[in-house]
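If you want the building blocks of each chain, they are given just below.
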Amino acid sequence: MLTLDGSAAEARGSLLDVCRRAGAAVPAFCADERVAVGGHCRACIIEVDGRYVAACTTPARDGMAVRSDGKRLRAYRRDLGELTACESVPSGRVAAALAALGVTGERYRREPRARRHDETHPYLRLDLDKCILCRLCVRACAEVQGQFVYTLVGRGHDARLSWGGTSFRDSDCVACGACSAVCPTGAISDVDRAADPGETRVVRSTCGYCGVGCQLDVHVAGDDVVRIEGAPAAVNHQHLCVKGRYAHSFARHPDRLTTPLLRRDGTLQPASWDEAIALVARELGRLRGRVGALSSSRSTNEENYLVQKWFRAGLGTNNVDCCARVCHAPSAAGMRRSFGSGVATNSLADIEVADLLLVAGANVTRSHPVTGARIKQAVLAGARLLVIDPRRTELAAMADVHLQLRPGTNVPLLNSIAAVLVDERLVDRHFVAARAEGWDAYADFIRAFVPEATAATTGVPAPAVRRAARLYAAAERPMQVHGLGMTEHFQGSESVMLLCNLALLVGAVGRPGVGVNPLRGQNNVQGSADMGCQPDLVTGYADPHDPAVRERLQAIWGRPLPSEPGLTIPRMYDAIRQGGIAGLFIFGEDVVQTDPDSNRVVAALRALELLVVEELFLSETAKLAHVVLPGASVFEKDGTFTNGERRIQRVRKALEPPGQARADWQILCDLMAATGYPQRYTHPSEIMDEIARVAPPFAGVSYARLDGDGLQWPVSSSDDAGTAILHRETFARGPASLARIDFVPSPTLAAAEGGLVLMTGRALEHYNAGSMTRRSGNLALRPRDALQIHPSDARARAIVDGDEVVVKSAAGEAHAVARITDEVAPGTLFLTFHFPESRANSVTSDVVDRLSDCPEYKLTAVEVRRG
Amino acid sequence: MALVGGPMGRVVPASRFDTPLSYEALPGMGHAGIVVLDDSVSAAALAQHLYAFAVAESCGSCTPCRVGSAQLARCRDRAALERLLDTMELGSLCGFGQGVPRPLRDLLAAFPEELLPC
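Residue numbers (my numbering), protein chains in the order written: chain A, 1 to 867; chain B, 1 to 118.
For the record, the hints were derived by calculation from the structure and aren't laboratory data.
Just so it is clear, CB atoms sit at the ideal spot from N, CA and C, and this is done for glycine as well.
Fair warning: there could be bad hints in the mix.
What the hints assert, rightly or not - A few chain B residues facing chain A, derived, Cβ under 7 Å:
| no. | residue |
| --- | --- |
| 1 | S40 |
| 2 | S42 |
| 3 | G60 |
| 4 | R74 |
| 5 | L90 |
| 6 | G91 |
Unchecked claim - What follows is a list of derived Cβ distance ranges for each label pair:
| no. | chain 1 | residue 1 | chain 2 | residue 2 | range |
| --- | --- | --- | --- | --- | --- |
| 7 | A | S167 | B | E57 | 32 to 40 Å |
| 8 | B | G95 | A | G92 | 28 to 36 Å |
| 9 | B | R78 | A | L152 | 44 to 52 Å |
| 10 | B | P27 | A | A349 | 32 to 40 Å |
| 11 | B | R78 | A | R115 | 50 to 58 Å |
| 12 | B | E57 | A | D255 | 56 to 64 Å |
| 13 | A | G92 | B | E57 | 25 to 33 Å |
| 14 | A | L152 | B | G95 | 14 to 22 Å |
| 15 | A | A349 | B | E57 | 42 to 50 Å |
| 16 | B | R78 | A | D224 | 56 to 64 Å |
| 17 | A | A462 | B | E57 | 51 to 59 Å |
| 18 | A | G92 | B | E24 | 45 to 53 Å |
| 19 | B | R78 | A | G102 | 17 to 25 Å |
| 20 | B | G33 | A | S167 | 43 to 51 Å |
Generate coordinates for the entire structure from the input sequences, incorporating the hints supplied.
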């Protein structure tokens with residue numbers, strides 16, 4: 001304990017913390033809980049045992065006698081305020097603090113000086129006349145994002161904030177907004193906050209972009225989102241990325257669908273809800289037995305639950321799938337085979353616990369930016385980093401070892417790491433004996449894959465593999481995160497099983513800071529799979545052919561489950577061509593742009609007798625529909641999303657849907673009623689209550705428990721706090737399986753021999769089909785799809801940076817702008833797929849993962865030429 | 001007069017050259033080095049020199065020293081100068097900004113008429 005102004009106070013944290021807890025009015029301009037203290041502004045000077053110290057940099061100690069106020073301190077603070085005001089014209093928090101100190105700005109003569117202004121960036125504006133050199137931006141950029149855009153140049157009175165590049169637009173900024181969020185003066189501000197919006201409401205919700213699940217404070221004025229701030233939550237600790245923080249204007253974009261559309265005389269024309277619902281119900285009835293649904297990983301758990309309930313119990317088919325099929329279905333399938341459960345073993349918070357991170361096939365700083373920033377910070381703080389990626393990604397450039405393999409050779413590479421563990425006796429034999437089965441046969445099998453034997457196939461030198469294996473084995477807490485570079489392959493599920501093998505061999509499962517962790521892509525792709533939007537598993541990963549499951553569900557759903565096995569998305573397209581499916585309900589997914597081999601996708605959709613698309617915008621898929629239903633955006637409805645660490649978090653309505661657009665759960669209820677299966681929900685919370693009854697992993701979930709940081713499933717009962725780490729004592733399947741996986745090359749590898757191979761993926765600024773981000777300021781940051789090509793490949797084809805290029809495969813042609821970079825190796829290309837006009841997925845093939853039907857987006861044999 | 005211990009040390013006017021050279025007699029006199037100035041250097045000139053030194057050497061990390069150094073030469077009266085010296089001494093991040101006021105206070109005490117107005 002110490003004494004503060006005569007009263008006892010707990011000596012915890014800094015003296016500034018002590019003062020703030022006690023409510024003492026100590027000014028502080030450059031302190032922010034998000035970054036380390038700097039002690040630059042000197043406003044928080046207080047008196048301790050007769051000496052004057054900065055409260056922010058002084059740790060509280062027992063026995064201190066602290067005075068936060070006094071005549072000399074008051075005079076000091078006023079004068080310090082006058083000095084602050086004489087070199088800058090701050091607005092915001094500092095302006096308010098100066099006013100409170102009685103600062104007039106007249107005591108000292110202002111030195112006129114030309115400081116930088118910059119308005120070149122679509123989101124961030126810099127006006128350094130307001131800057132008080134507090135360095136919060138410098139620290140936030142370094143300590144939160146790890147981007148190091150800002151620096152201070154000049155000494156003494158000439159010190160000023162600077163950044164690389166002539167204009168801010170040309171700097172290394174990734175527009176995460178961390179600087180603007182901490183800037184206390186308005187020197188760095190958000191362009192979208194330019195005008196004073198007046199009164200705002202703040203709604204806590206969950207981001208609708210990637211599977212990280214950042215918590216947002218959505219500021220609403222009138223019926224529009226005026227700004228978004230990162231909430232102090234377990235997932236993101238107030239941090240956000242360029243999509244979550246800034247790309248929200250799509251919600252009020254004039255392209256939003258505001259009425260149902262029906263195809264009449266070949267064109268889509270506005271119609272009433274009654275007409276649209278009646279038509280869909282009539283046609284689904286007529287086509288009964290030949291229908292299927294693609295549910296939406298962008299929408300809520302409750303809506304996904306309804307889609308599969310409707311199709312299974314209402315329409316009698318298991319033909320329900322979702323876009324987990326085209327991303328992490330192999331993770332689910334592979335981890336299920338190895339561990340008995342197909343979900344992330346650990347939590348995002350384990351990133352700070354791990355002492356080594358193995359990033360496999362994931363460009364985390366681009367595709368999951370807030371998690372990527374966390375990984376960067378962990379590495380900057382000393383964690384080791386191994387990266388498996390055909391591209392030299394941002395993380396690969398920071399890695400202790402970058403295993404830059406040839407695309408399509410994950411299996412021999414992962415086996416070779418395991419072979420080193422066995423070969424060099426680095427295996428945790430105790431863990432393997434206690435928790436895994438199949439060791440003897442595995443140890444014999446794996447020896448053939450020593451890196452000296454696989455190097456010719458993978459292109460990775462054996463010493464690098466050995467070094468990576470040794471680091472992985474030497475780490476006390478090695479944590480894996482993996483992405484679509486592992487899954488979207490011919491042997492995708494098997495590659496994930498090999499990742500599981502590595503974790504098993506070193507005993508890195510079932511404790512903090514370790515595990516196998518798929519970085520789920522879409523905001524709720526975890527949830528749409530959890531809810532049962534996959535043909536072979538119903539809500540909570542239950543087997544629809546298990547009599548006990550069937551009995552339980554029939555009791556709740558009032559209808560029997562269909563017993564015919566359902567079809568995955570690629571099989572549904574096949575079935576359409578063969579007449580087995582004539583009606584398709586596509587909920588919030590633009591398969592024409594995002595599914596592979598889009599010419600075949602379009603041909604299939606055109607062959608349908610009924611295509612219903614529920615959407616925000618008239619997507620490429622919606623353009624082919626017979627009925628288009630206008631749904632609600634993430635800001636316009638209540639519900640829940642489940643992020644990649646199994647955390648169920650609330651989505652809260654902030655706006656009304658535009659025009660006649662409606663919350664999707666309400667549309668689904670109407671459709672269910674019209675097809676003879678009426679439901680009685682008045683709010684999504686009632687749907688969640690039913691989910692809790694249907695599926696044991698969610699038994700303890702209810703909206704009342706989801707405020708704050710939500711719950712990580714499994715949540716077995718209403719007093720279970722959820723599960724941060726799986727497989728602590730046993731695996732869901734009993735002992736884990738050490739899988740013996742031989743390399744079966746994709747048919748594409750032979751086709752690509754001697755030519756170029758293409759991988760597709762995402763850029764930071766856009767999200768998948770881009771329907772939302774292209775209708776935001778992010779378009780200005782990245783207006784086109786780009787093809788990354790190595791200088792040697794570009795030279796051989798007389799391609800220069802910025803050229804229009806055509807990428808051609810056996811399936812079709814795509815168009816993009818060439819970006820010449822050695823981030824890709826010779827012979828490999830990387831193309832984003834965010835713009836429909838690029839037709840990136842015209843070139844991708846119909847090869848799929850052997851076990852899960854996930855398309856092989858990461859390997860296509862192509863040629864490229866100037867367009 | 002003499003500047004004892006460098007530009008953040010102590011100023012001893014000629015009238016007090018009998019002051020013992022000790023930390024007790026000259027608290028904060030700094031490190032070795034005595035600069036003796038003859039009559040051709042006024043107290044005001046020494047003050048200007050010290051102001052310029054503060055401006056040139058301030059690193060800019062903290063507000064009192066960065067901004068205060070540049071304002072020293074502009075104070076119009078003794079009260080204003082003393083207030084600024086107090087702010088720099090109390091609030092500066094390191095020994096530099098805290099030390100700049102030391103010889104200036106000595107000058108103010110010994111040559112109140114010469115130093116201001118400048």
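When the structure is checked against the list of hints, which entries are broken? Sort them ascending.
1, 2, 9, 10, 11
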